[in-house]
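Protein chains: 2
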Amino acid sequence: MNKTLTVPGFKAAAVKAGIRGKDRLDVALIYSETPAAAAGVFTTSKVKAAPVLLDMEYLRDGRAQAIIVNSGIANACTGQAGMELARGTARLAAGQLGIAGELVLVASTGVIGQQLDLAIFENCMAPLAGSLRQDGFADVARAMMTTDTVPKTARRVVELAGKKITLLGLAKGSGMIMPNMATMLSFIVTDAAVQHEVLQEMLRQSVAHSFNAVTVDGDTSTNDTVLLLANGQAGNAAIERLDSADAACFRQALDELCLDLALQIVKDGEGATKLITVQVKGAASVAEADQAARTVANSSLVKTAFFGEDANWGRIIAALGRAGIDFDPDLVDISFDEVLMVRDGLGLGAEQEKLATRILKQQAFAVVIDLKAGPAEATVYTCDLSVDYIRINADYRS
Amino acid sequence: MNKTLTVPGFKAAAVKAGIRGKDRLDVALIYSETPAAAAGVFTTSKVKAAPVLLDMEYLRDGRAQAIIVNSGIANACTGQAGMELARGTARLAAGQLGIAGELVLVASTGVIGQQLDLAIFENCMAPLAGSLRQDGFADVARAMMTTDTVPKTARRVVELAGKKITLLGLAKGSGMIMPNMATMLSFIVTDAAVQHEVLQEMLRQSVAHSFNAVTVDGDTSTNDTVLLLANGQAGNAAIERLDSADAACFRQALDELCLDLALQIVKDGEGATKLITVQVKGAASVAEADQAARTVANSSLVKTAFFGEDANWGRIIAALGRAGIDFDPDLVDISFDEVLMVRDGLGLGAEQEKLATRILKQQAFAVVIDLKAGPAEATVYTCDLSVDYIRINADYRS
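Order-wise, the sequence lines are chains A and B. Here the first sequence is numbered in our numbering, starting from 4 and rising by one per residue. Here the second sequence is numbered in our numbering, starting from 4 and rising by one per residue.
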């Protein structure tokens with residue numbers, strides 16, 4: 004498996020730097036042999052961790068050549084000292100790699116409010132850079148993990164005008180998004196040649212329908228980060244327009260890759276036992292469809308009912324009622340997969356409920372809601388809320 | 004205790020009508036010997052149950068004389084048949100009491116999407132009306148319960164210009180607000196004489212700072228209802244202006260009564276082990292203070308940390324970050340009771356955390372957040388999120 008986790012021109016490595024005890028990979032490095040076009044999408048929180056602020060600054064020119072990531076401490080709510088630490092980390096990596104500091108992006112995930120010690124990075128940077136290798140990405144995926152139970156990787160290969168293009172993605176995150184220790188991070192590398200502004204817009208759109216369409220508990224992290232590096236080593240004619248055929252092909256692969264990683268995060272949601280797709284159709288606008296789907300997907304009552312395999316459509320319609328969207332409750336249809344439970348706001352009775360309960364016993368199913376209030380739709384992915392979610396999050400730091 | 008649960012001119016009773024099995028009080032009646040000024044505050048959900056819609060219609064003239072309530076079935080998402088059932092129930096009670104149907108308000112709590120049978124009310128109405136008595140309110144409080152573990156009552160006595168005025172309140176609700184079976188209902192009766200528009204405005208304001216300031220899981224019911232009947236039998240000079248001294252005195256008692264009942268609901272929150280006050284100061288506006296307090300109070304991660312007695316201020320600041328409000332993260336202060344944990348966005352270290360952890364071991368404490376972004380503040384009450392919340396809600400209907 005590790006053998007397939009390679010992309011021409013990229014190397015990676017991870018080390019045990021001691022942030023998370025002695026026996027865990029906790030600092031990792033991704034490196035491109037040549038400067039790459041770079042794009043990033045970050046948390047929308049008002050409270051942005053130092054590495055997020057630094058990456059936003061370094062990405063202004065759309066170029067990067069390395070990513071250094073640590074788990075254990077988030078470097079969030081750390082003030083000026085935290086900014087200097089992030090900048091110092093980039094500088095150390097750059098020095099070791101012989102490149103400019105502004106070409107190194109930084110990401111952290113872990114406890115909020117604690118300071119990292121730059122000595123940690125001083126000590127590990129030489130062994131880390133020294134162990135860079137083509138098939139090091141599996142180690143990076145493990146070094147990023149916090150409450151994740153499995154490392155998350157995905158890969159797509161497409162052909163653009165006869166050139167083979169590889170996309171490789173890593174992700175971490177399980178509470179979506181647990182601000183304490185389970186930030187959502189994803190790093191994607193590709194050997195495609197893509198103009199950096201086009202790359203940024205493609206990433207923004209892919210993230211909207213993948214990482215930003217999954218929710219475990221409605222919380223959003225201070226550190227959420229998706230980075231994409233494209234080093235052009237595939238030798239394709241650079242993608243310079245969003246509306247080209249090559250762009251469409253690359254975007255499809257990127258969309259698939261991001262959704263693949265995002266769904267891996269939901270499935271690994273803290274305590275999750277089921278993957279639930281909430282699709283809202285017939286909304287007055289996409290914003291309202293999204294709002295409705297998120298309100299249902301984040302309702303603790305809806306999510307506990309799914310954990311209990313209870314075809315409790317009353318909780319779904321009640322969530323819609325408080326979603327702040329425009330619709331007529333007497334027109335709503337609700338299905339679980341293909342089983343219609345509610346037609347025009349009225350339940351269809353015990354027989355349908357029995358069929359729906361069978362759907363809920365599956366590990367994955369869709370809740371399809373038709374508001375009949377307009378042409379817009381949106382899809383959100385979530386998991387159920389289980390007894391284990393509470394156990395994990397109540398005991399987390401103790 | 005039951006002896007004190009009386010108000011001059013009011014009677015009450017409850018019966019076992021068979022909606023919730025044979026051995027549970029499930030239909031109750033409150034009756035004023037004379038028509039009373041009446042006020043109501045209802046769910047803001049787009050999906051309003053039939054009794055809510057009926058009460059909104061009947062309250063247009065600001066008068067009522069009776070309230071009939073049932074538990075077990077919510078009569079929500081029941082379409083035209085549900086409206087007819089609610090109207091028929093009011094008519095049956097009115098017939099038995101010898102008053103106009105429009106003077107009877109109706110409330111229901113229970114499973115959404117099931118139809119009630121009018122025969123239930125036909126069968127129980129005569130025994131119910133026949134057993135009305137002054138000290139029947141304790142039975143009503145029990146008949147309203149669903150997942151509540153204790154009946155909730157409160158009483159205040161004040162003097163207005165030498166006249167003794169009594170306020171008596173009943174409430175039910177434990178998941179706040181569990182749309183399936185734990186709607187928040189409250190009925191308040193008083194012998195004060197109050198002009199009905201003044202009564203309505205006083206109730207609206209009291210509810211804003213009590214029932215609408217508590218949250219267990221952020222869900223809102225289709226059936227939430229607060230009703231207030233004032234029959235004037237105390238003989239006070241009627242309160243006809245909001246800014247009179249008598250109004251101020253009455254409002255204070257009403258505010259206290261409503262907050263008392265609301266906090267009983269939080270303390271009885273499903274699986275709750277702690278009562279938590281979230282106070283946000285220094286916000287740019289009251290709306291933003293309220294939004295910030297609610298986002299913190301409803302965060303599953305914050306609530307599980309409280310259950311785990313973990314002084315995890317990172318989760319609080321992360322919730323503030325995604326609350327959609329205007330503030331500078333580098334200015335925020337956070338205290339647990341009198342223990343300052345975060346000053347100007349930075350944690351104050353292990354010693355303060357140890358003190359704060361001691362606060363979290365209490366059954367009740369306050370989280371005080373100063374945004375330093377303006378003059379406004381707001382307070383919200385909530386409980387922790389425990390393993391038992393999931394158990395109760397996952398298993399509820401099975």
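Rather than coming from a laboratory, the hints here were simulated on the basis of the structure. Be careful, since some hints might not be right.
Because identical chains cannot be distinguished in the list, a pair is counted as satisfied if it fits within a single copy or across any two copies.
Unchecked claim - Below 20 Å or equal to it, Euclidean Cα-Cα: the simulated SDA-like pairs (lysine to any residue) are:
no.	residue 1	residue 2
1	K357	I123
2	K375	E125
3	K375	G82
4	K364	T276
5	K49	D329
6	K364	A290
7	K49	R346
8	K167	P378
9	K166	G12
10	K19	A129
11	K49	D373
12	K284	G91
13	K284	P378
14	K167	A353
Evaluation of the provided hints:
1. K357 to I123: Classified as neither; 58 Å inside a copy, 27 Å across copies.
2. K375 to E125: This pair counts as neither: shortest intra-copy Cα distance 60 Å, inter-copy 38 Å.
3. K375 to G82: between (49 Å within a copy, 17 Å between copies)
4. K364 to T276: within (10 Å within a copy, 31 Å between copies)
5. K49 to D329: For K49 and D329, the Cα distance is within 20 Å only across copies (8 Å; inside one copy 28 Å).
6. K364 to A290: The answer is neither: 31 Å in one copy and 42 Å across copies each exceed 20 Å.
7. K49 to R346: between (41 Å within a copy, 17 Å between copies)
8. K167 to P378: Answer is neither; intra-copy 39 Å and inter-copy 60 Å both fail.
9. K166 to G12: within (15 Å within a copy, 88 Å between copies)
10. K19 to A129: Answer is within: at 13 Å inside a copy they meet the 20 Å cutoff, but 78 Å across does not.
11. K49 to D373: between (34 Å within a copy, 15 Å between copies)
12. K284 to G91: neither (49 Å within a copy, 36 Å between copies)
13. K284 to P378: within (7 Å within a copy, 42 Å between copies)
14. K167 to A353: neither (54 Å within a copy, 54 Å between copies)
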